[in-house]
Amino acid sequence: SYIIKLLLSQYKTFLLLLKCAYTLFVVAIFWLTEALPLAVSALLPAFMFPLFGIMGSKQVASAYFKDFHLLLIGVICLATSIEKWNLHKRVALKMVMLVGVNPAWLMLGFMVSCAFLSMWLSNTSAAAMVMPIVEAVAQQIIRAEAEADELEMSCSNGSINPALELDGRHAAVVALPPSLGRKEHSNGIFKVMCLCVAYSATIGGLTTITGTSTNLIFTEHLSSAIGNWKGWTVFSVYTNIPSFNIAALHSSLKNMFKCGKKKTAREEASSQVIQEEYKKLGPISYPETVTLVLFIVMTLLWFTRDPGFIPGWSSLFPKYKSYITDSTAALVIGLLFFIIPAKTLPRTSNGENTVSGYIPLITWKEFQSCMPWEIAILVGGGFALADGCEVSKLSEWVASKLTPLGSLPLWLIILISCLIVTSVTEVASNPATITIFLPILSPLVTIHVNPLFILIPATLCTSFAFLLPVANPANAIVFSYGHLTIMDMVSFKSLLLLFWGLSESMLVFCFLDSSFV
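Residue 221 in the working numbering sits at position 221 of the sequence shown, and the numbers go up by one each step.
Just so you know, the hints here were simulated from the structure itself, not pulled from any lab data.
Be careful, since some hints might not be right.
Under the rule of at most 27 Å between Cα atoms (straight-line distance), these lysine-lysine pairs were calculated in the DSS-like manner [unchecked claim]:
(1) Lys58 / Lys19
(2) Lys191 / Lys94
(3) Lys19 / Lys401
(4) Lys191 / Lys84
(5) Lys94 / Lys84
(6) Lys66 / Lys393
(7) Lys19 / Lys84
(8) Lys319 / Lys66
(9) Lys12 / Lys58
(10) Lys365 / Lys66
(11) Lys393 / Lys19
Simulated restraints on C-beta separations [what the hints assert, rightly or not]:
(12) Pro50 / Ile310: 44 to 50 Å
(13) Gln275 / Ser57: 30 to 36 Å
(14) Pro318 / Gln368: 36 to 42 Å
From the three backbone atoms N, C-alpha and C, an ideal C-beta is built for every residue, glycine too.
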C-alpha cells in the first residue's frame with residue numbers, strides 16, 4: 001500500500017507538472033501567432049491554472065499586479081505630462097537640430113542616451129522616458145521629409161504657393177497621395193528606432209548591479225562570490241561593449257554607409273522645416289518647466305535610492321529599507337502631477353493666491369488615455385506563468401534534467417546554460433527566469449573551482465530577452481507604440497540572439513579567466 005501511495009503521489013505531481021507545461025505551451029503559441037490580442041492571451045493562466053488545480057484564483061490574481069505596475073503608473077504620469085505640454089516635442093526638435101536629421105546618427109544618439117539612463121534606472125523607466133522623444137523625433141523627420149519632397153515636386157512643376165517658404169523663397173505644394181516607397185521608408189525609420197531603444201535599454205541595464213533586477217537577484221544569491229560593485233561594473237563593460245556594438249551594427253549598418261559629411265538637398269530642406277517648427281513652440285512655458293523639474297527629481301530619486309557604492313536616501317529608513325523600491329519614488333512624483341497647478345494661481349488685490357480656475361498638470365482622464373493597460377496585463381501574465389512553474393515544480397523537473405550537464409567540459413556547460421536561459425527568458429519575465437535557474441545551475445558549479453564561470457554568464461543572458469514583447473517590460477513599452485509586429489522582433493533577431501549567446505559565453509569565459517578569478 002505504501003508503494004501504491006508513493007506511485008499515486010508521484011503520478012499526481014507529474015500530472016500537475018504536465019498541466020503547467022501545457023499552459024505555458026498554449027500561452028506561448030498564442031503570443032507568437034497573435035491569434036488573440038496579447039493581453040487576452042496573457043489572461044489564459046488566470047483561468048487555466050485554477051481549472052487545472054495548479055493555483056487558486058486569488059493566488060493567480062495577485063500575480064497580475066506587482067511592484068512593476070506601480071512603477072509603470074508613476075512613469076506614465078510623467079509621460080502624460082510630457083506629452084500634454086509638448087515637452088517631448090521641444091526636446092525632440094532640439095535634438096534633431098543638434099545632431100542632424102540623418103536617422104543613423106540619431107539612432108546612435110538614442111542608443112547611447114538610453115543605455116546610459118538604463119545603467120542607473122530600471123530598463124522599463126529608461127525605455128518609457130526615451131520612447132516619447134523617439135516617437136516625436138521620427139514624426140518630425142518624416143513630416144520634414146514629406147514637406148521637402150513636396151517642395152521639390154512643386155519646384156519641378158514651376159508653380160508657387162505662399163503656404164510654404166524655405167530659405168526666404170516661396171515654393172508650391174502639390175497635393176499628391178503618399179507613395180508606397182515613402183510609407184515603407186517611414187515605417188523603416190520607426191522600426192529601427194524602436195528596436196534600438198529596446199536593445200540599448202536592456203544592454204545598458206547589465207552594466208551595473210543596480211541597473212536591472214536580475215543583477216540584484218544574483219548578488220543576493222551569491223553575494224560572497226561577486227566581489228564589489230566596481231568589479232562588477234568593470235567586468236560587465238568588458239562583455240557588454242561587444243553586445244552594444246552588435247546591436248548598433250544590426251540596426252544601422254545599412255544606413256551608416258549613407259551618412260556623408262555633406263548634407264543632401266533634402267536634409268538641408270528638412271533641417272529648415274525642423275527649425276521653423278521649433279520657433280513655433282516659443283519660449284519654454286511654466287508647465288514644461290515644472291514637468292522637466294519633476295523629471296529630474298524622479299531620476300535623482302531613483303539613482304540615489306541605493307546606488308551601491310555609497311549609502312542612499314533609503315538608508316534614512318533602516319528598519320524598513322527593503323520596503324522602498326523605485327515605484328515608491330515614481331508614485332510620489334506621479335502624485336504631484338495631480339496636485340501642482342498647470343498655471344500660476346491669480347492673486348487678489350491683497351496679494352493672496354486664489355484657487356479659482358485651478359487645473360492640475362494632468363487629469364485622471366488624461367492619465368487613463370495614456371496608461372498602457374495592455375502592457376500591465378501582459379507582464380502580469382508573465383508573472384503568473386512564473387508562479388505556476390514554481391508551484392507545479394516544473395522548474396525542479398527541468399533542474400533534474402540538467403543535472404547530467406555536470407560531466408561536460410566547462411566551456412560547453414557555459415555555452416549550453418547560456419543558450420537555455422536565453423531561450424526560456426523569451427517566454428518568462430527576466431526576474432522569474434533568473435530565480436528559476438539560479439537554483440538549477442547552482443548544483444553544477446560545485447564540481448568546478450569558481451562558480452562565477454557558470455552563474456555570471458547565465459545572469460547576463462537572462463536579460464537577453466529581445467524577441468517577444470512579453471519577454472521584457474522594455475520590449476512591451478516599445479511594442480505598445482504600434483510600429484512593430486511580432487515577426488519584426490522575431491525575424492532575424494533569432495540568429496542575432498544566437499550569436500549574442502555564443503559571443504557572451506566566450507567573452508565571459510575569456511575575461512573572467514584572465515582578470516576576475
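Results for each hint:
Simply put, Lys58 and Lys19 have alpha-carbon atoms about 19 Å apart, close enough for the 27 Å limit, and the pair holds. With a C-alpha separation of about 22 Å, the suggested pairing of Lys191 with Lys94 holds against the 27 Å cut-off. At most 27 Å may separate the alpha-carbon atoms for a hinted pair to count; Lys19 and Lys401 meet this at roughly 18 Å. Under the criterion of a C-alpha separation no larger than 27 Å, the hint pairing Lys191 with Lys84 is consistent with the structure, at around 24 Å.
Proximity of Lys94 to Lys84 is assessed by CA-CA distance (about 18 Å); at most 27 Å being required, the pair is judged to hold. Simply put, Lys66 and Lys393 have alpha-carbon atoms about 22 Å apart, close enough for the 27 Å limit, and the pair holds. For the hint linking Lys19 to Lys84, the alpha-carbon distance of about 47 Å lies beyond 27 Å, and the restraint is violated. Taken as a hint, the Lys319 and Lys66 pair is honoured in the structure, with Cα atoms around 22 Å apart against an allowance of 27 Å.
Straight-line distance between C-alpha atoms of Lys12 and Lys58 comes to about 22 Å, which keeps the hinted pair within the 27 Å bound. For the suggested pair Lys365 and Lys66, the alpha carbons sit about 23 Å apart, so the restraint of at most 27 Å is met. Proposed proximity of Lys393 and Lys19 is supported: the alpha carbons are some 11 Å apart, at most 27 Å. Range check, Pro50 to Ile310: Cβ separation about 47 Å, and the 44 to 50 Å hint holds.
For the pair Gln275 and Ser57, the supplied restraint of 30 to 36 Å is violated, since their beta-carbon distance comes to about 58 Å. Taking 36 to 42 Å as the suggested C-beta distance range, the pair Pro318 and Gln368 conforms, at roughly 38 Å.
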